[in-house]
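Participant: What follows is the residue order along each chain.
There are 2 protein chains.
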Amino acid sequence: MTLTANKTNVEEQAIAAKKAAKSLSLLTTEEKNEALLTLASTLEEQFGNILEANEKDLDRGREKGFDEAFMDRLSLSKERIFDFANGLREVSELEDPTGLTVSGWTLENDLDVAKVTVPLGVIGMIYEARPNVTVDATGLALKSGNAIVLKGGSNAITSNKAIVDVMHKALEKTKIPKEAVQFINTTDREATQQLFTMKEHVDVLIPRGGGALINAVVNNATVPVLETGVGNCHIYIDKEADTKMALSILVNAKTDRPAVCNAAETVIIHRDWLAENKEQLIETFNKYNITVHGDEEACAVIPDCTPAGEEDWANEYLSLDIAVKTADTAADAINHIEKYGTKHSEAIITDNKETAKMFMTLVDAAAIYHNASTRFTDGSALGFGAEIGISTQKLHARGPMGLPALTTVKYMMTGNGQTR
Amino acid sequence: MTLTANKTNVEEQAIAAKKAAKSLSLLTTEEKNEALLTLASTLEEQFGNILEANEKDLDRGREKGFDEAFMDRLSLSKERIFDFANGLREVSELEDPTGLTVSGWTLENDLDVAKVTVPLGVIGMIYEARPNVTVDATGLALKSGNAIVLKGGSNAITSNKAIVDVMHKALEKTKIPKEAVQFINTTDREATQQLFTMKEHVDVLIPRGGGALINAVVNNATVPVLETGVGNCHIYIDKEADTKMALSILVNAKTDRPAVCNAAETVIIHRDWLAENKEQLIETFNKYNITVHGDEEACAVIPDCTPAGEEDWANEYLSLDIAVKTADTAADAINHIEKYGTKHSEAIITDNKETAKMFMTLVDAAAIYHNASTRFTDGSALGFGAEIGISTQKLHARGPMGLPALTTVKYMMTGNGQTR
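For the protein sequence lines, the chains are A and B, in the order given.
Each residue of the first sequence is one higher than the one before, starting from 1 at the first, in the working numbering.
Each residue of the second sequence is one higher than the one before, starting from 1 at the first, in the working numbering.
You may find that some hints are simply not true.
Note that identical chains are pooled: a pair holds if it fits in a single copy or bridges any two copies.
[Claimed, not checked] Listed below are the simulated EDC-like cross-link pairs for lysine to aspartate or glutamate, each with C-alpha atoms no more than 20 Å apart in a straight line:
#	residue 1	residue 2
1	Lys-175	Glu-297
2	Lys-19	Glu-338
3	Lys-56	Asp-321
4	Lys-287	Glu-338
5	Lys-115	Glu-63
6	Lys-175	Glu-310
7	Lys-175	Glu-11
8	Lys-357	Asp-332
9	Lys-339	Glu-95
10	Lys-169	Glu-44
11	Lys-339	Glu-11
12	Lys-56	Glu-108
13	Lys-22	Glu-34
14	Lys-19	Asp-332
15	Lys-357	Glu-31
16	Lys-178	Glu-128
17	Lys-244	Glu-283
18	Lys-115	Asp-378
19	Lys-357	Asp-83
20	Lys-287	Asp-304
21	Lys-175	Glu-93
22	Lys-287	Asp-188
23	Lys-244	Asp-110
24	Lys-115	Glu-30
Everything labelled a hint here was simulated from the structure, so no lab data went into it.
Start from the sequences and build out the full structure, keeping to the hints where you can.
Facilitator: See the structure below:
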């Protein structure tokens, strides 16, 4: 099934979203929260319609022979839909990120200056076949006073359409115009391309998914982009690392949830530490079924080690595979991370505070850990509530992005005739 | 004279800048400030070399027949160079925007979280033939711990090269590596294009100049961009506007410095106000030699009014020309601004607070004024000290950008073996 969209459709949707964003910006926090609660209860009431639609996506997925992990992300259940609803309820309880005065002062001429947070306007959300993003992103967008244009992965299109239909029905009962949630109902890549350049109507694009999707957006968009999520994270075990701590962090960062972006993909090990701790390291790899891809020196001591090449250093395995790199100094580790890291999360394990400080200053990433696992780079782990993604770029927002990342500021100036 | 650059050169420069940025990030505030003071005194000592180089650019400019305003911006003098030096001294006195803990907390498991400001890394500055930007941008970049790659307008290339040579000599006497200031010494557009896509080595591009330059960067860059400066600013005179205040603000916003981006380009006038105040309005236009381009209704009452078309509503005149649009309601004014505004600075003149509130909420711009001139959208007017430009985009920084806009944040996590 391929639906087609023409430029006019997508543009009309973006224009409608922009218009709806204006109405939305006039609503009170209470009105937005009530709407979120209505969305939540309507999703629960109509979960059957969504499951029915989801079956069609699952059937097509099975025909196409997608792997288990993919099918799992695509698959919905009553319980999952109720979880989505509860997620919306949680967002309704978070502080409204708009209307906050970041700073305010009065000039000598009595002109009042207030720097106030306001919604971005229209968010273009481009994501893979994960229907949960349809609900999560909509909740965060509406709470922060933004309209949203949703372009989900083609393999989840029937589920996403059903979810959006339910949300539209729910919004009709609220103060939020249903046009604030636009769904691009096509598998045509052209439609996505059009979103990339609609600077007049779309304020930001948020791609959420793998590297290919993110690069496609970054390389083709003229609309500003908030990059999220690719994590080629490293653990550097320094020569002065505590053995037990290093192994415990390594195991956690690699095996706790290997498929998430804050999992470790490469461990860089100081040569001296490796020599002293090789037995325990090998035992740990075996115990946790970790597959090792190592450089020459690592493979010389670790059994069942596959020689690692460029592609390993750059790989986000998202599995129980790990690349093992040996280093002579902390500076070697820093340079390796500079070359292959994705500016997500990086850790150093050492008892030496000076080495740790140098690592934390010179490594360029959203989050740097001294003696802790990279797994904490996560909105809920850090106490942000829901997150729209983890920014791996430097502008606007870095690291886990909660509601404040979906706002900008406006200088509101109030005078009585001031001129310059 | 056309110098050529090949990809390797520009890339090598960007790589050198990235490396220098690392050294720079380890310096103390005092070391950076000392370097700025050395830059200042060296510029003063060697002003003669710079003036000599400037003569060559001026000669070429005269041959090419550039207008007076252009030649004025290009032209240097001992006094102007000493002003640049004093600008650097002022920057040395501003607070260091890096190393500040934005927020910090401890998780239940004792993991310390600190969100700390850090330099962006490498700034690519793309600007027109204004040699002052070479010094100003370098000072702000270095103070905030960033390396800078300078690509100035071709017509100032000899002056810029001389300024950079002096700065390089000065930096040799400081802790800042001279590689932190890179100058693309070519008039070849290819070199600029290369900068646009060097995501690995350049962290942000800041175009400063006219709309064509900014669009060229936005449309071609994959490196994130901080848009600056184009200002098609409006004054809306509501039916409930005080006559004297409205005319005084209109005159200030249009005539104080017509060539700057926060000057007004269009005045939108409520029909009722126009009917009541037309004599005084006409008298004001005459008194200040303002050339009027109006819609049908405006031209019906204002003598010497040229009929305005689409190009007038979108025009940043930067002169004593003004477009005059009549409106039935404040909503009309808001819609006109939505269509033609550049999200810079917009003003409403009214005694009605409700109307003002609606205007301030619904108009999408960096700065919104109630009963004041748009001319205050300026770093020095708002007390920010020096500014790198005025952001007209919504991400990262909006409005006048001082030193903090040249930083990002890093989450610094300190633990004792925490896993999740």
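Participant: Looking back at the hints listed earlier, which ones does the structure fail to meet?
Facilitator: 1, 3, 4, 5, 6, 7, 9, 12, 16, 19, 22, 24
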